[in-house]
Each structure stands twice: as C-alpha cells, then as structure tokens.
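Novice: Read top to bottom, the protein sequences are chains A and B. Residue numbers 82 to 186, in my numbering, belong to the letters of the first sequence in order. Residue numbers 332 to 578, in my numbering, belong to the letters of the second sequence in order.
It should be emphasised that the hints constitute simulated quantities derived from the structure, not laboratory data. One should not assume that every hint holds.
As the list claims (entries may be wrong) - Label pairs and their calculated CB-CB ranges:
| id | chain 1 | residue 1 | chain 2 | residue 2 | range |
| --- | --- | --- | --- | --- | --- |
| 1 | B | Gly-354 | A | Asp-143 | 42 to 50 Å |
| 2 | A | Asn-177 | B | Leu-395 | 38 to 46 Å |
| 3 | B | Glu-543 | A | Ser-182 | 36 to 44 Å |
| 4 | B | Thr-497 | A | Asp-143 | 20 to 28 Å |
| 5 | A | Asp-143 | B | Val-557 | 27 to 35 Å |
Virtual Cβ for every residue (Gly too), placed ideally from N, Cα, C.
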Amino acid sequence: MQTFGNPMLYHYLALGAALFTLGLIGFMVRRNMIMIFLSTEIMFQGIAINLIAFSRYWQNADGQSFVIFILTVAAAEASLALGLVVMLFRRRQTLNVDTWSEMQG
Amino acid sequence: MDYALIIATALGAIALYLLLPRGRANMVKLGGLASVLAMGVGITYLIHWTAAAHAGHTGIIENLFFYAFAALALVSAAGVVCHPKPLYAALYFVLMTLAVSGLFIMLMAEFIAVVLIIIYAGAILVTYVFVIMLASQGGQTPAAQYDTNSSDGFMAVFVSFVLLGTVLQAIFCAGPAGFMHSLPAPHAVAHGLGSLEVLGANLYSRYALPLELAGILLTISLVGAVMIARKNEPVAHVLGTGDLPAE
Numbered sequence: 082m083q084t085f086g087n088p089m090l091y092h093y094l095a096l097g098a099a100l101f102t103l104g105l106i107g108f109m110v111r112r113n114m115i116m117i118f119l120s121t122e123i124m125f126q127g128i129a130i131n132l133i134a135f136s137r138y139w140q141n142a143d144g145q146s147f148v149i150f151i152l153t154v155a156a157a158e159a160s161l162a163l164g165l166v167v168m169l170f171r172r173r174q175t176l177n178v179d180t181w182s183e184m185q186g
Numbered sequence: 332m333d334y335a336l337i338i339a340t341a342l343g344a345i346a347l348y349l350l351l352p353r354g355r356a357n358m359v360k361l362g363g364l365a366s367v368l369a370m371g372v373g374i375t376y377l378i379h380w381t382a383a384a385h386a387g388h389t390g391i392i393e394n395l396f397f398y399a400f401a402a403l404a405l406v407s408a409a410g411v412v413c414h415p416k417p418l419y420a421a422l423y424f425v426l427m428t429l430a431v432s433g434l435f436i437m438l439m440a441e442f443i444a445v446v447l448i449i450i451y452a453g454a455i456l457v458t459y460v461f462v463i464m465l466a467s468q469g470g471q472t473p474a475a476q477y478d479t480n481s482s483d484g485f486m487a488v489f490v491s492f493v494l495l496g497t498v499l500q501a502i503f504c505a506g507p508a509g510f511m512h513s514l515p516a517p518h519a520v521a522h523g524l525g526s527l528e529v530l531g532a533n534l535y536s537r538y539a540l541p542l543e544l545a546g547i548l549l550t551i552s553l554v555g556a557v558m559i560a561r562k563n564e565p566v567a568h569v570l571g572t573g574d575l576p577a578e
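Just chain B, with the same shape it has in the complex:
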C-alpha cells in the first residue's frame, strides 16, 4: 500500500466530481484547485519514486517534456469530460491528441505520432465537429440542458477511480520484477524502430491477415454508415427503373 498514491487518486476523484457540469451550481474553481493538488501530489510521487529507483537521481529536468505533455493530456482530457459545450470539448480533444502524439515522438514512434494527428485531429474530429454543428441549430440558443447538467455520476467517479487506484497500486507496488524498468536509451534502440520501413515490414509480413481484415472492416463500416445515416425516402423511382431522374 502506498498512501501518497491513494491521496493523489482520491484528490483526482474529488476534483473530477466537482468539475462535472452541473448547471448553475458549478464548482469549477474548487474543482480546478483540487485537480491542481491531485496532479501536484501525483507528479511529486513520480519524482520521488524515480529518485528511489535511481539512487537519488530524480531526472526531473530530463523528464520535463514528459511531465509537460502528460499534464497537458490530463488537463485536456478532463476538459473533454467536463466542458458543457460540445464544440469546446471537441477542441480540447484535439489538444489531447497533440499532447499524446508528442509523447509518441518521445517514445520513438514518429510515424504513429503523425498518423495520430492526421486521423484523429484531421479526420475523426472534423466528422465530430460537423455532427455537433448539424445537431445544434440556431446560433445563439442557450446550451442544452443535457449538456450543462451531467448525470450525478458519484458512483461512476467512485468506481472509476477505485479502478485507477488499483491499477496504479499494481504498477507501483509490483516490486523489482514489475514495471520499474527504465526504457532502453535512444542510442541503444534497434535502428529505425519508429520508421515506416520497420512498421510496414511488420504489418505486411506478420500481421498481413489482420491488415486485410482491417480493410474489410473499414469498407463495411463505410457502407454501414451511408446506409444508417441516409434519409428514409423512397428511392425506387430514381434507382432501378431505367429512367433518368428529372433534372
């Protein structure tokens, strides 16, 4: 058991519970304070843990990029979950995608980082934003009640953070055989780990069949999305009769 970890998790749970959109009775400032406290305790714990594992060396300067990207990802993920306006939440999601792809670059997965930005920030989020704008007609109407008031969510936050606490205990209390390993140094990593060459060779040799199945899945979902989202109009008079539709 590690009490600092429990304190950080509990603070995070309180912060997220306070930050959830709740109409007029918003407690954003209190929740923000609690989330800053939670992240402070968490980062301090990580630094102390690193110092214990590395004989006094905290690595805080070297890990500055990690802490910056991690804090950005966590803050913007909380923004997605807690912002009452869907469009702003989608923009927070773009910010989170950028932070995560920064972490991928630190992990020497450069191609995946770029693909993540292209697919998530470029394709998926544009679709989301289109649907959000389609569904919120009329520019100046007040925000919908189901956006400004979330479900109560006490049990959701409680259960999720108990899950998080359990996972973190499993990570940090696994002993020397667990996850205390440092990652291999960049110059010791096999050549071209994040490159398209290595990834493509792996995808087309070892995972060739799953790759074909992924292509089939994309085709099916394309057809399915078109079938689901079209309007329910009779189209028989246009298609299949041999006549051209009227201009």
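Chain A extracted, bound-state conformation:
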C-alpha cells in the first residue's frame, strides 16, 4: 500500500510529544499563575494530536470520542482554575505563585 500523499503516523506522534514537552516546561518555569494553567492547555493539545492520529490509523472514532472528553475536562479545569486564580489574586493583589510558597498542606 503506497500512500505518499499523507504524513505517516510517527510525524504526528513526534509533534504531539514535542508539544507536550513545551507545555511541561512552561508549567514548571513560568511564575504567573495564569500562564501556568495556559501551559497545561498546551499539554492537552499534544495529547489530543496523539489520540486523533491513532483514531485515523485504526479508522474508528474512539480516539475522537476521547478528545471530546479531554475538551470537557479542559473546560472544567479552566473554569475552576481561573476561579481560583481570581480568588488568590484578591487576597494578595499579585499573580506571582512564589507568594504562596509558604502554604501548608
């Protein structure tokens, strides 16, 4: 089966791994709370690329269904995380995570 017309599976897997890595670095390095949560969304997209590529490879819709669930969790996570960020910002008037480093438990 000669199918030169489209990229192969490993193209997408490599791209998904690279996006996940970039999001991971952003999560660990940034000091702004909003940017930390935005980096997790990059990681979600890297995983979604993997799932969609395997869905195309096996020609069934399971991977796409899982991406729907990932989107649901991402939306729930974004709303809760931003609510938390707003609450924490009201307490200290800054978005710097280092101001919360003495938090116990």
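The hints should help you fit chain B onto chain A, whose structure is shown.
Specialist: The following block gives chain B in isolation, referenced to the frame of chain A:
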C-alpha cells in the same frame, strides 16, 4: 541510538533555555537562531526517515501542509511559554489552536477541528483573556517582574527534553513493528470517519455512561467556579429572609 535525533533535541533544549524570559539579559536572537536550527535538523531528519521508509520517496511536497502546520504549532507553543506579556502569550495560544485544528482536518477529524476552535479559541481563551485583563490593572504600568523573569528553569528544560528525547527514540527506533506505518489513504478510510454521525453514534452507544459523567463534571465545575470566585460578602440579608433587596 540516533545521533541526529539527539542533536535536534539538544538544540531544542538550548533554544528554549535561551528564549525563556529573563529580564534585561534576554537572548531572544540567539535562542531564535538555535530554535530555527533545531527545527531544521528535526525536519531534515523526518524527511530522511520518510525517504528510508518509502524507498527514496521523501514525500516532501505532499507533506508540505504537515510541516507548515507543525512548525506553526511549535513556534506558537514556544511563544506561549516564552513571551513575557500574558496577553500576547494567550494570542499565541490561539495561533497554536488554529494550527492544531488544521492538523486535525488533515487527519480527517473535521468535527473535532471545528469544536477545538469553538471551545479553545472561542470559550476558554476568552475566559483567560478576561482574567488577564482583570489582574493587570492600569494600562501603562511596566510588565510585572514575575512575568519578565521566569524561574531559572535549567533543570526543568533539561529533564523535559530528556523525556522528549526518550519518547522520540522510542518512536523512531522501534523497528518495523513500531510506528513506521503509513496512515491509510483518504479514499480507503471508512466512510464518514470524522463526521458528526459516526462520532455521535460512538459517543451515545459505547461511551454513553462517560458522556453522562462528563455532563455531571461540567455542572459541578460550573457550581464550583461560581462558589470559588464570588466575593466573601455576607449575603444572608439578601437571601433567605423573605425580604426583597433594596432597589
């Protein structure tokens, strides 16, 4: 072991480390050069690998859209991680979402591509931008110090790119039984793979219970977000006494 892959990963690590926001001592040009080198080595490696797998056929013209979208996604993801201004980083994230949904269309997942744009670029990012604007009061104040200076991040970049190198080695050195498969040709794919019909039938038959649970999760997070983000004012005099609040 594949030395070109290691070189590309190491170049990418150096590029990202140089690009991280670091106040006055920014090395954006050097980091940009290193990232261009890293992506060049990576794309060259991919092209050579494809040529080896397909008996000399590189597929570079056919894969032009893939390389364009992939480069756009990687550049804008690096922009999200490295831009010192949060609002610009959020806009880079929109760009990355568009590139990823372009890749989804290439993978015949058209509905997911549109949903990704609507939910990410339309809903989630608007919320992020609102919170960013809420938190940065006063238009012309200089950027906050925690934005212009990231944590040192040497260990973060090192560990993450070691992880990436390991995953890439696992992908590319898995041998013929690994991931060297080409995707099925578009005309050979089962009819309507990316369509709402197939996806909806799958969601409501095989994943019906997880779908209900996802709805419950969304409801809970809605209530939780409202409870978390409201101001801590006593509301008992408004609610529950039977009186109408004063106009």
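Novice: Going through the numbered hints above, which ones does this structure break? Give me the numbers in ascending order.
Specialist: none
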